[in-house]
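Peer 1: With the hints as extra help, turn the sequences into a complete structure.
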Amino acid sequence: MDKPSTKQIRMWGEKITASDRKAFNSLFRSLYPRLIHFASKYNRNKAVARDIVQDAFIALWEKRKQLDPDRSIQAYLYRIVRNKSLNHIRNHSNETVGLLEDIPLEAADEDRRKQQNEKEQLVNLLKIWIEKLPKRQREAFELSRFEGLDHDEIAEVMDVSSSTVNNHIVAALKKLRDRCDEYKTKQVNDKKL
Amino acid sequence: MSDTSENNNDTSDRRDFFLQFSPDRRDRIKEIWDLAGQAEPQSPGTDLTGDEVEEALSEVQQRIGESRQPPSPSVSTDKNHSTNREPSSSSSASSQWRLWLAAAVVLLVFGAGLLLTPKTVTAPRGEIASVTLPDGSTVELNSGSQISYSHFFSYTNRTIDLEGEAFFSVSEGEDPFIVRGNKAIVRVTGTEFNVRSWSEELLQETEVTVAEGTVDFYPAELPEQSVTVGQGELSRWAVKMEQPTAPETVSIDKMLGWRQQKLMFNEKPLLVIFQELERRFDVNIQLYDTTMASETLTAFYARPENVESVIKDICRVKGLRYAETANGYSVYK
Numbered sequence: 001m002d003k004p005s006t007k008q009i010r011m012w013g014e015k016i017t018a019s020d021r022k023a024f025n026s027l028f029r030s031l032y033p034r035l036i037h038f039a040s041k042y043n044r045n046k047a048v049a050r051d052i053v054q055d056a057f058i059a060l061w062e063k064r065k066q067l068d069p070d071r072s073i074q075a076y077l078y079r080i081v082r083n084k085s086l087n088h089i090r091n092h093s094n095e096t097v098g099l100l101e102d103i104p105l106e107a108a109d110e111d112r113r114k115q116q117n118e119k120e121q122l123v124n125l126l127k128i129w130i131e132k133l134p135k136r137q138r139e140a141f142e143l144s145r146f147e148g149l150d151h152d153e154i155a156e157v158m159d160v161s162s163s164t165v166n167n168h169i170v171a172a173l174k175k176l177r178d179r180c181d182e183y184k185t186k187q188v189n190d191k192k193l
Numbered sequence: 001m002s003d004t005s006e007n008n009n010d011t012s013d014r015r016d017f018f019l020q021f022s023p024d025r026r027d028r029i030k031e032i033w034d035l036a037g038q039a040e041p042q043s044p045g046t047d048l049t050g051d052e053v054e055e056a057l058s059e060v061q062q063r064i065g066e067s068r069q070p071p072s073p074s075v076s077t078d079k080n081h082s083t084n085r086e087p088s089s090s091s092s093a094s095s096q097w098r099l100w101l102a103a104a105v106v107l108l109v110f111g112a113g114l115l116l117t118p119k120t121v122t123a124p125r126g127e128i129a130s131v132t133l134p135d136g137s138t139v140e141l142n143s144g145s146q147i148s149y150s151h152f153f154s155y156t157n158r159t160i161d162l163e164g165e166a167f168f169s170v171s172e173g174e175d176p177f178i179v180r181g182n183k184a185i186v187r188v189t190g191t192e193f194n195v196r197s198w199s200e201e202l203l204q205e206t207e208v209t210v211a212e213g214t215v216d217f218y219p220a221e222l223p224e225q226s227v228t229v230g231q232g233e234l235s236r237w238a239v240k241m242e243q244p245t246a247p248e249t250v251s252i253d254k255m256l257g258w259r260q261q262k263l264m265f266n267e268k269p270l271l272v273i274f275q276e277l278e279r280r281f282d283v284n285i286q287l288y289d290t291t292m293a294s295e296t297l298t299a300f301y302a303r304p305e306n307v308e309s310v311i312k313d314i315c316r317v318k319g320l321r322y323a324e325t326a327n328g329y330s331v332y333k
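Residue numbers (the UniProt record's numbering), protein chains in the order written: chain A, 1 to 193; chain B, 1 to 333.
Worth flagging that the hints you see were computed from the coordinates, not collected in a lab. Glycine included, each C-beta is placed from N, C-alpha and C at the ideal position. A couple of the hints might just be wrong.
Unchecked claim - What the simulated footprint calls covered on chain A by chain B, stretch by stretch (three residues with Cβ under 8 angstroms from a Cβ of chain B suffice, anywhere in the stretch; the number is not a length):
#	region
1	124-136
2	170-184
Claimed, not checked - So the derived label-pair ranges between C-beta atoms look like this:
#	chain 1	residue 1	chain 2	residue 2	range
3	A	Glu131	B	Asn284	23 to 29 angstroms
4	A	Pro69	B	Glu212	46 to 52 angstroms
5	A	Pro69	B	Thr249	55 to 61 angstroms
6	B	Leu203	A	Gln8	55 to 61 angstroms
7	A	Asn87	B	Asp289	40 to 46 angstroms
8	B	Glu212	A	Glu182	36 to 42 angstroms
Peer 2: Here it is in structure tokens:
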């Protein structure tokens with residue numbers, strides 16, 4: 001999934017504002033899989049994710065003439081997908097977990113963990129730690145690290161200021177670093193014993 | 001796992017960002033940033049093929065083309081059966097006429113033989129599908145479930161054959177809406193209900209839960225044994241039984257939780273639970289201890305994280321162990 005350059009997206013954006021269907025199609029082809037992936041983080045139901053992303057593109061087309069050419073069209077799409085996903089969650093999950101509790105995969109099998117090399121272990125742990133970041137920190141961090149959006153775009157998507165975005169990402173990185181450091185120290189101690 | 005990060009989003013693109021960290025910490029933070037690039041959570045089933053993207057694009061183009069009409073609810077079907085998609089039902093004379101015309105053309109081109117083979121829609125394992133029927137009724141299919149119906153559906157009858165589990169929201173219509181599964185029949189005129197009827201399950205049981213209205217439920221060969229299942233009630237019938245069970249009140253939200261990706265097992269045998277997990281998460285689960293197969297379990301997950309965490313819980317509760325295999329898990333004592 002190679003992402004198009006910011007410049008390329010900007011060019012498409014300008015053409016779309018001028019009702020260029022070809023540019024719209026190109027934008028769709030290059031961003032649709034990423035957005036489906038992004039929407040799936042909020043909702044595992046593939047059909048729902050698909051509907052949400054398609055609606056976002058349709059909204060983009062319908063609003064093309066009102067779009068501010070200086071603002072990122074990419075951020076616009078991510079923002080709609082995020083809002084719609086959050087709405088969907090709000091409307092569809094009001095029950096609590098009963099009986100058996102949902103238990104996160106905190107301690108994956110110790111044996112298996114020993115077989116992996118150290119870097120793989122750390123990457124796997126990072127996955128878990130990222131999932132456990134406070135919600136907004138995690139969103140900002142993932143949009144930055146995995147979706148490649150810049151701080152201004154993330155600010156637009158999450159509807160906060162760009163300095164808040166920066167704070168979230170910095171806090172997330174520091175937290176991840178601390179967890180990595182703790183883990184390393186623990187490993188060193190384990191070896192001593 | 002590859003060593004190259006997926007998008008060109010490495011530390012060199014973000015030099016300014018890293019400048020805010022004190023020099024003695026900067027390198028460590030950069031290291032974490034790079035490492036995290038490989039830790040992107042996988043969302044299963046989102047590797048789209050070029051065809052799927054093109055299909056989505058043409059759907060979007062179509063909806064844009066419809067310009068100023070109110071947006072119609074989008075319909076999603078299994079990608080393999082997308083040609084089965086029905087035009088949304090509109091009772092206006094012209095669209096009825098167009099339907100008949102289309103039917104006539106199909107008849108001429110493909111011959112009548114094709115019309116006799118039923119249409120089928122399948123939800124692939126690991127996914128849920130929804131489909132709008134020619135009469136405007138909607139069906140949500142649980143993972144691995146299939147419905148089939150005649151090409152004359154809504155013209156001469158409204159009969160659906162079900163293998164698996166589906167939630168039906170039935171539009172009012174002249175013909176009764178009939179669902180058949182495991183030799184049982186559910187008959188209604190306009191209501192919302194869920195039918196669960198897996199022939200692969202040992203008991204070959206059919207379970208009906210009604211969310212709105214009432215339905216008549218009876219064995220195909222014993223229509224006089226019909227019971228009426230009302231709103232918020234559930235009834236079961238298995239092939240060897242004389243009559244469906246007396247309707248009992250149940251929690252509709254929990255019974256229909258699969259529609260929101262929840263998992264709900266009410267006193268279900270382990271074998272049935274593992275089969276459900278197999279379909280839902282598209283994995284294979286082998287239960288090696290046959291004495292445990294009929295052990296029952298009640299569990300509810302509002303948001304199952306992944307199949308492994310569920311299997312792990314079940315094993316903990318039932319004193320079993322599990323191991324990962326090439327295509328899933330094996331469970332043993």
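Peer 1: For every hint, state whether the structure bears it out.
Peer 2: Checked hints:
Counting residues of the region 124-136 of chain A whose CB lies closer than 8 angstroms to any CB of chain B gives 5, so the stated coverage by that chain holds, three being the minimum. Under the rule that three or more residues need a Cβ within less than 8 angstroms of chain B, the assignment of the region 170-184 of chain A holds, with 6 such residues. For the pair A:Glu131 and B:Asn284, the beta carbons lie near 26 angstroms from each other, so the given range of 23 to 29 angstroms is met. Range check, A:Pro69 to B:Glu212: Cβ separation about 49 angstroms, and the 46 to 52 angstroms hint holds.
One distance hint, 55 to 61 angstroms for the beta-carbon pair A:Pro69 and B:Thr249, holds here, with the actual separation near 59 angstroms. Roughly 58 angstroms separates the CB atoms of B:Leu203 and A:Gln8, a value that falls within the hinted 55 to 61 angstroms. Checking the proposed 40 to 46 angstroms range against A:Asn87 and B:Asp289 shows it holds: the Cβ atoms sit about 45 angstroms from each other. For the pair B:Glu212 and A:Glu182, the beta carbons lie near 53 angstroms from each other, so the given range of 36 to 42 angstroms is not met.
Figure legend: structure checked against the earlier numbered hints; the only hint not met is number 8.
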